[in-house]
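Build the complex from these two chains, which are given one at a time in their own frames, with help from the hints.
So the protein lines, in turn, are chains A and B.
Read in order, the letters of the first sequence correspond to residues 1 to 477 in the working numbering.
Read in order, the letters of the second sequence correspond to residues 1001 to 1611 in the working numbering.
Hints are computed from structural coordinates only; laboratory data are not their basis.
Just so you know, these numbers come straight off a predicted model, no measurement behind them.
Errors might be hidden in some of the hints.
[Stated by the list, open to error] The calculated lysine-lysine pairs, modelled on DSSO-like cross-linking and capped at a C-alpha distance of 30 Å, are:
1) B:1158 with A:439
2) B:1115 with B:1048
3) A:271 with A:135
4) A:342 with A:124
5) B:1164 with A:439
6) A:92 with B:1230
Okay, here's what each chain looks like letter by letter:
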Amino acid sequence: MTKVLDDKPFEKNKKTDPNPITTDSDQHIVIIGNGISGVTTARFIRKLSNYKITIISGETEHFFSRTALMYIYMGHMKYEHTKPYEDWFWEKNRIDLVFEYVNKVNTKDKTLVLNNKETINYDKLVIACGSTPNKFGWPGQDLEAVQGMYTRQDLDGMEKYSEGLEQAVIVGGGLIGIEMAEMFHSRNIPVTFLVREKSYWSNVLPSEESAMINRHILESHIDLQLGTELKEILSDKNGKARAVITSEGDEISCQFVGLTAGVRPNIQFLKDSENCEVELGRGVLVNEYLETNVPDVYAIGDCAQLQNPSEGRRPIEAIWYTGRMMGETVAYNICGKKIAYKPRLWFNSAKFFEIEYQVYGDVQAHPPENHASVYWEHADGRKSIRIVFDRESKAVLGFNLMGVRYRHEVCEKWILDQTTIEDVLPNLGLANFDPEFFKEYEQEIISIYNKKYNANVQFKRRRSLTGAIQFLKGKFS
Amino acid sequence: MKSIKLLGISIFLLALGIFTIGVTLSTHTLNDQALASVTKEHHRMMIKEQAGEVFNKEYGSNLAFVAALKPILKKTKEALDKASGVDPDNGVWNATTLPEGVAEWDYRMSDYDIKSYLFSLTKKSSGGLLPNNAWLFFFLTFILGTVGALIYMSPDLKTIPGIKHNGIYHSPSQSGLRPVWQLALVAGVLIGTLVVVLQNGAMFWLIGTIVITSLIVGIIYMWEKRERKKPLALPSSSTKNGWIGILLGTYLITFYIVLYFYPYYLTNWVLLVEPIKMAISGGAEASEWFLYGFLYCVAMLVMGVRMIIKYRHNRYQLIRTGSVLFFQLSFAFIIPEILGRFNNPALDLKTAWPLDYSFFYDYRLEQLSSNSNYFLGMNVGTMLLVWGLILSFIFIPLFTYIYGKRWYCSWVCGCGGLAETLGDPFRQQSDKSLRAWRVERFVIHGVMVLAIVMSFMVWYTYQYGEAQILGFNSYDVRSWYGFMIGSMFAGIVGTGFYPMMGNRAWCRFGCPLAAILGLVQRFKSRFRITTNGGQCISCGNCSTYCEMGIDVRAYAQRGQDIVRSSCVGCGVCSAVCPRGVLRLENSSEDINERTTQVRTIHISMDDVKIL
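Bound-form chain B, shown alone (with noise of 0.2 Å):
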């Protein structure tokens, strides 16, 4: 058993690697069959103009061919910019030696053009090992890893079923990381961001961010001052710290950055998948969203086979995995691809506003509303406009009632899915103090108060033309968003932190979309977590397998019942609890008074009405 383990994680630690090294393994040259994936003819011309010897020479690795290419772009940009009458001193552009017919806009080139290209470029100059040989290479990444883990997992199955949770916090990937180690990496993704927003000149948002975060911070440390002799004091742990988390989740923060903001960089993996999406879509070439697409379903599959044998006898767990996957594979995946294929917005299906905060974008209105494709004698844009609002102000409200968030949250959404799926290792690394509580409230409903505003802005520019709204711009506080909340949080804190902060640190302190789910959960639904009568023995076990970081455990052990607006439902408390205390369930009987009941006071009194 302990061999087939072995032997499983080894095949999937060569995959892993080939996969890392496989960044590196082509070569690159800049020709004119490279260039033709630029489609404009001036700027070709012009790169290849810029090029000098560059052009036609062999770099031995991406990194080279990027590091050569970079400057040319800057040179292109800057001569394109002479070219067409910018003026060197000012930069102001009187139009004067435009071909015809080709505006300025379209000729000059953009830092979006410069960016595309340096990914079109690099992959389309690449040649070399892995190019060459995308299928073997395939071969021993993505198939070796699914069969390497797979293996290590099938001597679970000998196993008697029930929940196996030995040895997690032995384990130098599991166990979470000292408090102070936490601290440390927070900070330095931080300050990595500060950088990023000052080199970008935002000074302005880099200012508001400081003050609200001080702010909160501020508030919460006189509410505890209040209460607590040492108010600063970390959380205590006294495990040490699990080095493989450290080097996991350097590395899955590493891969969010390269993917958003250096994809030139991830070329050789865009093409290992490249068959693939050609095959879909009928021709078209992938891009790095399609790679990341594709690593995700893999991933969530990969991972969902552990989590349906780690629950083989829990049907609600069973179930519930079967319906995220199914979700991400068809909505997120398949569905996508085959409207894309017919020239429709690829639009993900199931991720409704606010979390897809993009849904209001001018861009995104635009493309549905010039969408001349009929299906079914309607049309294509209406139809999926149509479907996004009733998604969002419909769907979400009236099964919230029904089901509690849990419908949407732990089987439906794709953030969801990864983290119940590749996550679930990690669930017990969410904090599950009262401090971290106070944090979550205050940041998860200003993200949704922000981004219900930021929405709102640019729909009201879209329809009145007029970005400047109360003295704010609204393409800033739209990039500001997309930039700290889109990327950074969701992405680098959401997943990246998985094996620091637990698997569900964007759902619980960043989602807007789980804000408004969980106030309508609180308020008004049929969803509750029951307590079994007096049977809690206040193990534990609930609260530390929550990875909203609920203290399950405190509301058991009086008998009340649980509604918190965190609340996922993922069902985790209940099948862990070592003495049958917690069912999840929905009924609207009771709904006014979900939580007023304790129950766990078995002594005849009854002439006291205390509890």
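Bound conformation, chain A alone (with noise of 0.2 Å):
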């Protein structure tokens, strides 16, 4: 059942699939983007066919973990611990690399042009050249020593301006800013965090999830300034950024500024490109099966748009997941075999600081009236779980985690099956995913459930891999 290709743990030595879709070598899929969607697509067209497939990427030589960024500045890792394959894994696999950006995409004549000027032909085109930092115009905001944290450039950048850095100034309340501030925080640069939202990520975590980070942030010695919005950069005569003056009026003096208000699809190449006759919304327009309005072309990944998302799925998600799944379904719908892109259960995860979040299914800030759910959280007030359930039907909709691991099959299983609240709670310990010997505390949010909605619902089943088996092969409901 398990054919692999990126053989290191099996090692095995085929070079492709041995009854791949097809066999024509002439074709030539370029990928413009070595990031997670570009990278898992080319992966997959090799496990599918024997394509001549090129990468073209201007910001590093080889693919690596975007999101292991931070752990470089932070030491605790070096760069070539975020590449997830050996440098000769793509000679091995036939994969080109081209290291170099692509300036102009002509779609009437089926060729790129890089940065070098070179051209390179293609027979299918896979964009999936990611985002970029929103800017919204802030006076300053194209200073130096004023930049997002999104690309090896951008590490480069913090790196370098952070030698005598004695206060750094962040703008905007999502999960890059906190690592943003975690990564100065590890080499003891303090740190000015505005958030424009009233708490951290309140647009995404329910009040009390939201209102424990918040607390993190402080305790980890971060200057949170909640409510409080960039007004302007202000400049020392050289053109670098030297204070920020906040929507409250105050300055605040700094030498570097974070910009991690979001971010958006990185298309202006193609905006540029007299030639390119695909259709450009906030990023490249693409169907469910990810073409977009150009035959053989297609996009993926954070700069990819799509015109009719699933049921409660946003028509752009820049997440590491999506592009994956992304890159997966794009090969064969190259390779001959066409799927639509439907991902499954949403689900997420982050770390804040030393709070690992995970979510799975439909979890709001703001709940719809349907939603009720039971949250129960540890009295050191860094561990929390919630349940959120259907008021009528009780079935469960959604999982949201703070310092406490939850088994992600268990918990999509009970959701798609519309399992009820009832019926999970006995349950619950066979979603535990903490290490061995971890506190379980499932019981405790059994009682907060039979309190608050006067039930009697008895647990039954303690953290355990056998259960879960069990349950996951269906051998009992």
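See the structure below:
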């Protein structure tokens, strides 16, 4: 059942699938971008075909894990450690790498013009060029030492400006902003963190969880300023940031400003290409097969904008997991097996300083009328479990975990099967994925539920792999 | 916080400095009192006779004393040979002039005698600053060093619990060495080994070792040639060299070489711990091995405290660290001392064959079978023999089936215990490349086969009195194994190379017991590391901090559960994962298909069955 090509663990020496969908090796597939989306595409095309594959990127020569950029700065890892594949992997799997930016896309002649003026012809093109940080026209946003944290070059910038840095200001209360704060914190550089909302990430996290992260940011000695926006960045005489002025009118002296108010698709080079007929919205517009309006041109990952996203999903989802799924889907489509992009249940994860975060299913910051939830929080204020369910049908809709790990597949199965909360709670231990010997809190959640809803649910199953496997195999319901 | 750390490290370095210099802080006089440690009277008389003006002369340090003593012992040996009637022309002994009732082997002085006399005479002849103030120096070294280390760690308690790896790759002690430097150091040790082997005239074994090594290198080269354009390329590395790491590695390597081959330079250190040995054992004197055992326990305890502070949020790590500390202090240290006190063989009760490669050696079997002590009505020698056999042949496969290799390697084993405490700061240095994995599989299984064959030969010789087996002399095989694997590999490479090859270099590449445990784990065990659905972000923390050099991420990013024969189940991959992806667990529910499931795929495509 399992066939693998990125063959490190099993060392299968086969270069391709023995029965590829197509054996046509004349086709040249060109992928713009070597992030998780583009690289997943290339790997799957190689599994499925003998096409010639080229990945173009001006950022780095080899694929690395963008999500690990912060760990390089913090000294947890070296750049080498963030590469999921060793450098020889690419030649072994006949994936050509071009280390250069693409300046122009010509869909009429099917050619690309690189920054070094070379041209590359393609038969099929996959645009997987990712995102770029949002800038909202703040005065001073293009000064020196003002940047986001998205690329390898951004990391180099942070490294460069960290020398002698006495105060950093970070603007924007999302995931990258808190990562940046943690990065500077790891080098004992004071950080002021400006968040427009009244509470951190309050458009995504329910209020208790959001409040927990507020507390955690403060106890990590970050100067968190909620409900505060950036008004202006002031320049010194060399054109470098020297201070910011906030919406409160305060002037904060600083030598670095991080702009992390979200990202948008990185499609300026497509707009600048005279002969690019690809239809653009906020991102590259694609249908459910990830095809653009131009034949043989596809777009995936952060830069793709779905014209008809699945119910409950956004047209642009700039996260690692969706990029990976799209990469796989588009590979099938390119290799002649038409498959629609239908992401399964929503899931995501992050880490806020020391607090891990996982979410499965539909957990909303401002829950609609029919959403009810049971919420437990540990006395230390750094762990919580929230289970969202439908007020009427009692079917579970989502899990939100802080500082506790839950099993993806178990949670997913409960939600997809529309299991009721009172059927889930007795078996809740099956979802627990914390390491062995860790304390289990499922009984406490049940007591909270029983109290709140005047129910009498009894705890049945503790954390156990055997139980989880039996459950997933349908051995008990 | 910073100043407390500075204070702690200064105290520690002061203690380490005193400890190191302490080796030389003694005077030595060869007198009758010192000679009393030589138990054989004719040896004693002859040494005294040969000593000449060295006798009763005071030397200012043990270096000078050993330099003076060595030629005397050599002359003594020659004089004894002559007196016993050995023909000086051909070295053949014709029993003519031995005193009444003394055998030839007893009368003459062996190389082993010389080594032990060097040690005991140096120790017994000492006086001066350190030997006369042993308690003071014990305080200035062990106690002060421990206190300094604890002060250094204490500010970490004030931080919010969680993984603290900030700055590791900016640190001059933990950031590792460039591959070229690693190669240079490995080559240095190899050349040193070759010199020792050559000096001992063991050409055959030298050639054998070189042939096997070249064979492995050749196979891997051919293998890589098929898949890479540059099969000889070194792995890339972008950071500067960790110079403290180089110093630390050199210190450790030097320590092991002196301990194994020149222990008489360490007599002052032995004197520091001798009062403790006497108290535990009821008056027996300390050897260099007691010193080593004591140092081992202190290092594990202090660095165990560090481990406990670092992982105070992680109960798996706390319990596991407690376990290795318990087994080291009791099974490996206190219990053997108590056994010894009651005239039993002082065996480490947790080291199983074939890690304990001398288990089937003639003198060990002899020692057990000649034991006449009884405990609870059972012969202690027999009990120890049976315990060793049960440990190796029943517990090893049984517990590995139930819990995986980890029950031994990271919960019980002493080498593992040191690696998990003293070695924890260096775990990230293990090589994660596919090449390293290939080398690992050849070498560790090679050592395993060697250990088994060697043990069998030794046992055969003991049982049937025949040393020559299939053209090999079992005594030669055994001394080669003891030197190359037992001393060089397990000690010098295993621990001395912590800052360069990570804390598990021996466990990963050399330990024959780990190889056997690994085979059980790989083929029949309930253990695996589960990956949590599609949550992996390929960040690489798990692989980086895997001390066994497993590329954990390669499995995690495609949602495949991990069963690798080398995994010792330390649980750190799970601890460092920022997304809650990895969990060590056991189940017999799916024991034959532990690794077949692949989970990262989360698009609906019911008709696609590729993955």
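Each hint, compared with the structure:
1. B:1158 with A:439: holds (23 Å)
2. B:1115 with B:1048: With Cα atoms ~17 Å apart, residue 1115 of chain B and residue 1048 of chain B stay inside 30 Å; holds.
3. A:271 with A:135: holds (18 Å)
4. A:342 with A:124: With Cα atoms ~22 Å apart, residue 342 of chain A and residue 124 of chain A stay inside 30 Å; holds.
5. B:1164 with A:439: holds (22 Å)
6. A:92 with B:1230: Measuring from Cα to Cα gives roughly 11 Å; hence the hint holds.
Violated hints for the displayed structure: none, as all numbered hints are satisfied.
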